[in-house]
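Novice: Take the sequences, apply the hints, and build the full model.
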Amino acid sequence: MAFVMRREFLHFSTAELEEAIDITARLNGIVTASGVRDGLVLVFPLHTTSAVYVSDCEPSLAIDTRAALARLVPGTASYLHDAHEVKQNAAAHIRAHLAGHHVVLPITKGSLDLGTFQTVYYLELDGRRDKEVLVKIMGTDEASGPGEGAGGGGT
Amino acid sequence: MAFVMRREFLHFSTAELEEAIDITARLNGIVTASGVRDGLVLVFPLHTTSAVYVSDCEPSLAIDTRAALARLVPGTASYLHDAHEVKQNAAAHIRAHLAGHHVVLPITKGSLDLGTFQTVYYLELDGRRDKEVLVKIMGTDEASGPGEGAGGGGT
Amino acid sequence: MAFVMRREFLHFSTAELEEAIDITARLNGIVTASGVRDGLVLVFPLHTTSAVYVSDCEPSLAIDTRAALARLVPGTASYLHDAHEVKQNAAAHIRAHLAGHHVVLPITKGSLDLGTFQTVYYLELDGRRDKEVLVKIMGTDEASGPGEGAGGGGT
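Residue numbers (this note's numbering), protein chains in the order written: chain A, 1 to 155; chain B, 1001 to 1155; chain C, 2001 to 2155.
I should point out that these hints are in silico values taken from the structure, not numbers from a laboratory.
Do not take every clue at face value.
To be verified - The calculated label-pair distances, taken between Cβ atoms and stated as ranges, are:
#1 C/F2009 <-> B/A1083: 47 to 53 Å
#2 C/S2060 <-> B/F1009: 42 to 48 Å
#3 B/T1032 <-> C/S2013: 31 to 37 Å
In this text, a Cβ means the ideal position worked out from N, Cα and C, and glycines have one as well.
Specialist: So, in C-alpha cells, the structure goes:
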C-alpha cells in the first residue's frame, strides 16, 4: 500500500449563463485513472461563481435548485459589488456560496462511493467563458483494511 | 505511525418525516474504534434528502434551523421535480443541499476535535424510511508531530 | 516523501458584532510553515456563529454576502433558541450554517492552490469575544507524482 496524491482538472465553457452539468462519470473516470483505491477527493472550482454539489439524478431538480437560488438571491436586488465591477455578478457569487462551492467525496474500491441515486453536478452561475475545477485526490493505492468490505448504496 | 483508512456506517429510520438527531457520541465511538489518532473524517449521507451539519448543543436551535429551511424553501412552492416523482420531495432535496449535505471534521488524539459547544446533527428531511450515512476516516494511528500538542476548545 | 499532519489555530476577537476578515495570507503562512507540499487543509471554526468561506477578492462583496444572509435569516424573526439563551444569537447560528461553516482547501507546491481571484474569509457573526479556528493540515512533505505539474489558476 502506498499513499498517493493526484491533481487533475475539469474544464467548462457553457453556452448559457447558467447551467447545471452532471459530472459524475467524468469524475469517476479521473478517480479510476488516479489509481487511488481508498481515499477522499476534493472537487474545487477555481472560481467563486461556480459550485459543485451532490443531488438527485432526476434532471428537473437541477432547474428547481437554480430557481430556488435565484429566488433567495435575486439578480434584481442592489449589490455594492456591482457598483465596483463591470460584470454585475454579485448574485452569482452569493448563489455559488450558498450552493456550497466545493465538495469532498469518498473513494472506495477505486470509485466514487455514492448512494444509488446520488449525482455530482457542476453548477455554472456566470458562464459563457472558460472555467476550471480542481480535482485533488488523496488516498492509498490498494485496499487498506477491514473497513472497505462493508456494504453501502443508499437511496 | 501507520496510515489508516476506515469506512463505517450510521443507519437511521426516523418516526417523523423531519427530525434532527445528535450523532456526536455515535461518531466519536466510531472514531475511537477506528484507531485513528490524527486525521479527518468525512460524514457523508448516501441520500440527498438528508444533511449532516455542525451546530450548537442547545436542542431548540435545531427546530429553528428546520423552520428557517422550510421558510427559505417552502413545501408549497411549485417544483418541476414533483411533476416527475411520486414522492413530492423537491423541497427536501433543496433544503438538504442548503444545509450543506456533508461535513469534514478534524480528529485529534483519537477523538473528534470540536469546540466546547459544537454538536454534530443528522438532519432528516424525508424520513420514515431507511437511510444511511457513510463515515470515511483517514489519518494516522498515532500522534504525528508537534502540531498535536496545542490547545483548543472554543465556545 | 513522508506523510505529515499539522494542527494550528487562528484567533479572532472582532471589534464589531459582524465582520468579514480576509485570512488568505495568514492561512498561506501556516501552510508554508507546516512543510506540507501536497495535501488538504481543513479550516474549521470551533464555534457555530462563525464561518469560513471562499469568495471573490473584491471587498464590498463581503458586505453584500452579510446583507444577503441577514435578509434570509432576519434578526427580527422569532426563534425558540433565543428563549433559552441570554445571547439572542439564533440568527447568527443559522447564518453561519448557511454560509457553510468550514472549508477544505487544496495545497499544492507548499501553498494554497486557489484560483486567481479566490480569497478565504473568516466571517464573524457574533463577535466582540475570543474565537478560534482550527487549521488541520494533512499531506506529504514533498511532491508526490505527475499530478502536481499541471497548470491552474482560474478567474
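Novice: Each hint should be assessed against the structure and marked as holding or not.
Specialist: So, going through the hints one by one against the coordinates:
At about 50 Å, the beta-carbon gap between C/F2009 and B/A1083 stays in the expected band of 47 to 53 Å. Here the CB-CB span from C/S2060 to B/F1009 is close to 45 Å, well matched to the stated 42 to 48 Å. Here the CB-CB span from B/T1032 to C/S2013 is close to 33 Å, well matched to the stated 31 to 37 Å.
Of the numbered hints listed earlier, not one is contradicted by the structure.
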